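With chain L held as given, fit chain F onto it using these hints.
Residue numbers (the numbering used here), protein chains in the order written: chain L, 1 to 116; chain F, 117 to 225.
These are calculated hints, taken from the structure and not from any lab test. Quick caveat, the model's predicted, so the values are computed rather than measured. Do not take every clue at face value.
[Unchecked claim] Short derived list, chain F residues pointing at chain L, Cβ under 8 Å:
1) Leu213
2) Phe215
3) Thr217
[Claimed, not checked] EDC-like mimics (lysine to aspartate or glutamate), calculated; alpha carbons at most 20 Å apart, straight line:
4) F/Lys212 - L/Glu52
5) L/Lys41 - F/Asp198
6) L/Lys41 - F/Glu161
From the three backbone atoms N, C-alpha and C, an ideal C-beta is built for every residue, glycine too.
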Amino acid sequence: GAVVSQHPSWVICKSGTSVKIECRSLDFQATTMFWYRQFPKQSLMLMATSNEGSKATYEQGVEKDKFLINHASLTLSTLTVTSAHPEDSSFYICSARLRRGTDTQYFGPGTRLTVL
Amino acid sequence: DAKTTQPNSMESNEEEPVHLPCNHSTISGTDYIHWYRQLPSQGPEYVIHGLTSNVNNRMASLAIAEDRKSSTLILHRATLRDAAVYYCILTFNTDKLIFGTGTRLQVFP
Chain L
1 GAVVSQHPSW VICKSGTSVK IECRSLDFQA TTMFWYRQFP KQSLMLMATS
51 NEGSKATYEQ GVEKDKFLIN HASLTLSTLT VTSAHPEDSS FYICSARLRR
101 GTDTQYFGPG TRLTVL
Chain F
117 DAKTTQPNSM ESNEEEPVHL PCNHSTISGT DYIHWYRQLP SQGPEYVIHG
167 LTSNVNNRMA SLAIAEDRKS STLILHRATL RDAAVYYCIL TFNTDKLIFG
217 TGTRLQVFP
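In isolation and in its complexed conformation, chain L is listed as follows:
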């Protein structure tokens, strides 16, 4: 149980285009999902917290207009990188909290974004 998927697993795009990444909880309902970014040889950095049906809460320094997050259902959250640039190339990882009252998160396999 507690499986989280991401799609696509990797994507290459041209500078200036937008890219959408999907995160799904496959066998449970996730009221809260999280988005992280990880640069090579670095640790994960939390970008935003997404609650179903409400606006995402972004961490300091993360541009909300550039990284659009939508959490329209209890099993799906999307991250759209708008007007992507080479510096946005990174490993994007989502996670989902199993239920309220627990801190345990289950992570997706990640999406490798390369912006040319």
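Chain F only, in chain L's frame:
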């Protein structure tokens, strides 16, 4: 957020036990201790968590010091598939997991 300190790297031989330490001297009474690991090019994987008592599951054991200022993740028999970066994270009634630099575990055959 209370911080944790872990060694940058550790090594082990296959089928030997591994003890991964974590110091958290500023832990508060209600902070949970979580361990996650990340295999290369994958998302992190939940390993175990605890509050005060030692915990065991199919993956590992968590030994928590009596004063809670440190803990140790124990892999009873390391395999090559256990080679990963292990993160020790404190949480208290919060949504956030703040990842530090973790410990890179190398396992040799």
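Hint check:
1. With a cut of 8 Å, the hint placing F/Leu213 at the interface with chain L holds, because the nearest CB-to-CB distance is about 6 Å.
2. Restraint check, F/Phe215 versus chain L: the minimum CB separation of about 4 Å is within 8 Å; hint holds.
3. This hint holds: F/Thr217 has a C-beta 5 Å from the nearest C-beta of chain L, less than the 8 Å allowed.
4. At roughly 16 Å between alpha-carbon atoms, F/Lys212 and L/Glu52 fall within 20 Å of each other, so this suggested pair holds.
5. For the given pair, L/Lys41 sits about 18 Å from F/Asp198 by alpha-carbon distance, which is consistent with the 20 Å threshold.
6. A threshold of 20 Å between alpha carbons decides the hint, and for L/Lys41 with F/Glu161 the separation of about 18 Å falls inside it, so the pair holds.
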